[in-house]
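Enquirer: Residue numbers (the working numbering), protein chains in the order written: chain U, 1 to 369; chain S, 1001 to 1411.
Hints are not guaranteed to be accurate.
As the list claims (entries may be wrong) - Only pairs whose alpha carbons sit at most 35 Å apart, straight line, appear in this in silico DSBU-like list of lysine-lysine:
| hint | chain 1 | residue 1 | chain 2 | residue 2 |
| --- | --- | --- | --- | --- |
| 1 | U | 304 | S | 1237 |
| 2 | S | 1215 | S | 1160 |
| 3 | S | 1047 | S | 1128 |
| 4 | S | 1391 | S | 1237 |
| 5 | U | 304 | S | 1071 |
| 6 | S | 1391 | U | 304 |
| 7 | S | 1322 | S | 1274 |
| 8 | S | 1213 | S | 1355 |
| 9 | S | 1071 | S | 1307 |
Calculated from the structure, these hints are not laboratory results. Values in this document were obtained by computation on a predicted structure and should not be read as measured data.
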Amino acid sequence: MRDRITAFLVLLPSLAAVAIFVYGFIGQNLWVSLTDWGKNPAQALALRPELHFVGLENYRELFTGFVDVRFRQSVVNLIFFTLFFMAGSLGLGLLLAMALDRGPKGEGFFRTVFLFPMALSFVVTGTIWRWLLQPQGGVNVLPTLFGLPPFSFPWLTTRQQVLVFDWNQLPFYTALAVGLTLLYVAWKAHREGERKRLFWSLFSSGVLLVWALTLGRTTHLLPYPELHGFSLALVGVILAAVWQMSGYTMALYLAGLRGIPVEVLEAAKVDGASEWQIYRYVILPLLAPITLSAMIVLGHIALKIFDLIFAMAGLDYAPTDVPAIYMYLLAFRGNQFAKGAAIGILLLLLVAAVVIPYLASQLKKEVRR
Amino acid sequence: MRKWLLAIGMALGLSALAQTGKLEIFSWWAGDEGPALEALIRLYKQKYPGVEVINATVTGGAGVNAKAVLKTRMLGGDPPDTFQVHAGQELIGTWVVAERMEDLTNLFRQEGWLQAFPKGLIDLLSYKGGIWSVPVNIHRSNVMWYIPAKLKEWGVAPPKTWAEFLATCQALKRKGLEAPLALGENWTQQHLWESVALATLGADGWANLWSGKLKFTDPKAVAVWETFGKVLDCANKDAAGLSWQQAVDRVVQGKAAFNIMGDWAAGYMSTTLKLKPGTDFAWAPSPGTSGIFMMLSDSFGLPKGAKNRQNAINWLRLVGSKEGQDTFNPLKGSIAARLDSDPAKYNAYGQSAMKDWQSNRIVGSLVHGAVAPESFMSQFGTVMEIFLQSKNPQAAANAAQAIANQVGLGR
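Please model the complete structure; the sequences and the hints are all you need to start from.
Expert: As structure tokens, then:
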């Protein structure tokens, strides 16, 4: 009992600090995001600004307002950036780890070389890659070493977009995606013989899909079409980010590969599995938990990305914009504090969506133990 | 006791000697611009040796970082004694409307500044019957730079209107010059826009735009975007990746014929690149704006609640004085805001700018904070992006008007 009291007393200061400086400020930020702070310039920076409660108005403006088109592009950018960054880092890291796992000469040297970029800050990485991706220098002059004409790709400055879609159709796409996911859940439930889950997922999937295919196409967020897509200027940023983080995934995978018992691999070999089959059916499934941890770490880095883009393309260039940058611009340059706070809350929700399920599963595991 | 001594000292006219304490000067002048500020601070220390000057500089071009730091300090109730700010709406629309600044009209009267500064400038500094900051320098925004020898080689003359410019641009393109106009990153594109807008709308139309009398959606204002789009076709496609210096470099290297940039470009070419103004490089008002001087100015204000108010006022006195301005400006590469400064201290470009400053119609720059509040300016970048992405003049005009309504422009 006394131990418990001591433990509680020792923890108390940090609990209080966390309560105030983390949760208290999250709460305050949430409150600010529901006000009109910044709408009236006379109040924005007043000594005691008058704040009025406006509900979800700031959020509505961000997603459907006329002037916040840049926010929507930044959200689309963020999604594409996260996808390609995670895929690139995981893929490259796995390849490097598999190559090193075969124990080539100078393995320790290569391990250091590949891991080294992680020791740099994103600002340093960004500055170096900005030089490398200059339109008239760096990567673009590589072919001239072999007597070929230089590339002319404007890495960070192109305005070209691919995979373009209409923001207006977002309700339709969302319903379609969720509907299809639920259909998949239903199929899995069917295979596992869970009738109740099968019924509910099939039912909600059906409702969503029917809505999407009938009314979904005519439900519009904006009175006019607004096109967004994957901006190719992000390719340069993704390259730099993958360069920075693939060493980290390599280290994780290498540890995982080394942890696989030799007996398992030998047993597979004895059973007549080819090299490919060993990877496909033995090694990769055993690496799945590592992939999940890496995805969590990479995912929250991607969602919070700010410094790399700041250093590579600057704050003002919309084709490489992400919500964190737009939040900075709105709040600290434009004095739109409430809207900035709203973006902050949205980012918090996104990161939470990635991290909380992971934490929950970890917690469950610990309890089970 | 000390206060009492101070009062006697002031009564005896020895205020200068009696001044003690500190003075914190907040600015973004570092690097190339640092020496000019330091010269001014040295002058201050000569006059008030008892005052300890704290030079609180936050680096970052055009104050991008400094402004964020300033905001945090002001909101946290810890204002510096005086801070640098672009003269005009950048100060007024942000801090004056929030009632955070002291009115300096009396200081202007005492020092005779109402006569020393041109009226157009005083108007830009005024709001609701007060004058809100002391300008230390003047830069010109609407200047077109070129290399005379190159133009001769290509057989073209500096264009006088945008129509002429577009014709010249086509001629140069036929001669194999890919991008006759050198352009840099986002803000320099806005900088180009304001020169196009000034030429299209004229000085009165430009002023009406910012007082709210002319809507952005007016056909005349929409036409600005149309011309701007055509002008952009003459510019390099990799603009977003270039700093303004790199854009100037293209003109110097003969890869482009023209660049529209503020007159800090003159400082860059004459000081850093060692070119001789008037012969190695030359300038003209940007097309369609001759006789109009689009100005921007760095200034200092006095926040309410400054801890060393009297020292700050003495600093403002120095900043606005002839001696202060002639110490600062030749080093900074700008000209004095006062009408009576000494031309002999400036180079060929500076002298020509001084002549224009005293005779031209004066209007304020958008990009550099003179005519629109920060809340508008920062979102104007989004308008620019809408245009660059969609190339749709009407969409850009609608967005600009929506933002103007939101921030209450001209109210």
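Enquirer: Of the numbered hints stated previously, which ones are contradicted by the structure, given in increasing order?
Expert: Going through the list in order, the structure violates no hint and respects every one.
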